[in-house]
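**Student:** Read off the chains here:
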Amino acid sequence: MILAILFYLFAATAVVFALGVVAARSPLYSALNLIGCLFAVAALFALQSAQLIAVFQVLVYAGAIMVMILFVIMLLNLSPRELGRPRINVIKVAGAYFLFTTALVLGVRLAAQTWLPAQSVDDRFGSIESVGELLYRTYLLPFEMVSLLLLGAIIGAVLLTRKLKGDGS
Amino acid sequence: VIYENLILSIVLFTIGAVGFVIRRNAIVVLMSVELMLNACNLAFVAFARQLGDMTGHIYVFMIMTVAAAEAAVGLAIVVLIFRTRKAVNLDEINLMKG
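Those protein sequence lines, which keep their order, are chains A and B.
Quick note: the first sequence uses my numbering, first residue 1, plus one each step.
Quick note: the second sequence uses my numbering, first residue 170, plus one each step.
Be aware that a few hints might be false.
Only part of the chain B face toward chain A is listed, based on derived beta-carbon distances under 10 Å [to be verified]:
| id | residue |
| --- | --- |
| 1 | Thr-234 |
| 2 | Ala-237 |
| 3 | Val-257 |
Hints were generated in silico from the structure; no laboratory data involved.
All of these numbers come straight from a predicted model, not from anything done at the bench.
Where is the CB? At the ideal position from N, CA and C, for every residue including glycine.
Only chain B is shown next, with the shape it has when bound in the complex:
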């Protein structure tokens, strides 16, 4: 079953990466990042089950915490940018372009 799980994890990660690249809405880009992190969690859980070692579950906890922190700070930045620039599309946010 680990092969199927790993392949599913790859597919989900790639869908997330594709969404990260082709979408322009900042919130959808953040959600694509969540999708990629979730695919990583799936691989960790599959390996933990296969090896009979629960350390992978601890890793999943840490990844969930980091995802929560990332979502909080990322959404705060999106709100801030929307308040000052009235835009959430990433190609309209080019303040740092040299």
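Chain A with its partners taken away, still in its complex shape:
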């Protein structure tokens, strides 16, 4: 019972903050709303007994990635003129509305049809020992490949943003 109340509380929080991300006028407010949404989803992860994922969500997503986005927003320091006037495109809004309703109806139908028996899990489910063992034993090769991907992203970001010598811009 208490779990259901917590679920609906955090679900409503996540949806409100997600709407804030899309609706906020300034990108700074969008980023702050996104941080709130990430925290709410981290709480939902913890409710699904995924403690390690919840901690990583707060540390990596809300900590590292969002700080980087906020840093870029403040680096660009957009003036209200550069933000531009919000132009409501009727076709886009209508398309978004149809996309939303279609996805919702399809999703509710699919979720009603998919019947999965809930497995009981013990205390070790989602803990750092069991997830780490799975990651470093069974999924060692994907783990190493992902480190290569990160290396490539670092080199790419540095190459893209460095200033060339004698380049006036």
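Add chain B to chain A, keeping to what the hints say.
**Tutor:** Chain B alone, transformed into the frame defined by chain A:
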């Protein structure tokens, strides 16, 4: 609980997709992508709990890593475009328009 989680995941994903379509600021578009990836993570965690299998958690790790890489490269491109064109609105960036 998995139904509620899946429906919440759909709602969050659609909000992200709508933001991706209707917003013009490149940084907000990137944040909408993060929102969509996060909705996927929620579905993965819900299925992992329902099936009692932690492989879904590994997937969430991989998605988080890809999201970090995507944010780094995407923000680098935004900074580069702002430096050369003084614009972050996506409908002003039409260099590749034929």
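**Student:** Min Cβ distance, B:Val-257 to chain A: is it shorter than 10 Å?
**Tutor:** Cβ of B:Val-257 sits 7 Å from chain A, so the hint holds.
**Student:** Minimum Cβ distance from B:Thr-234 to chain A below 10 Å?
**Tutor:** For B:Thr-234, the interface hint holds, since the closest Cβ of chain A sits about 5 Å away, which is under 10 Å.
**Student:** Should the interface hint for B:Ala-237 be scored as holding, given a Cβ-Cβ cut-off of 10 Å against chain A?
**Tutor:** holds, 6 Å
The structure is consistent with each of the numbered hints, conforming to all of them.
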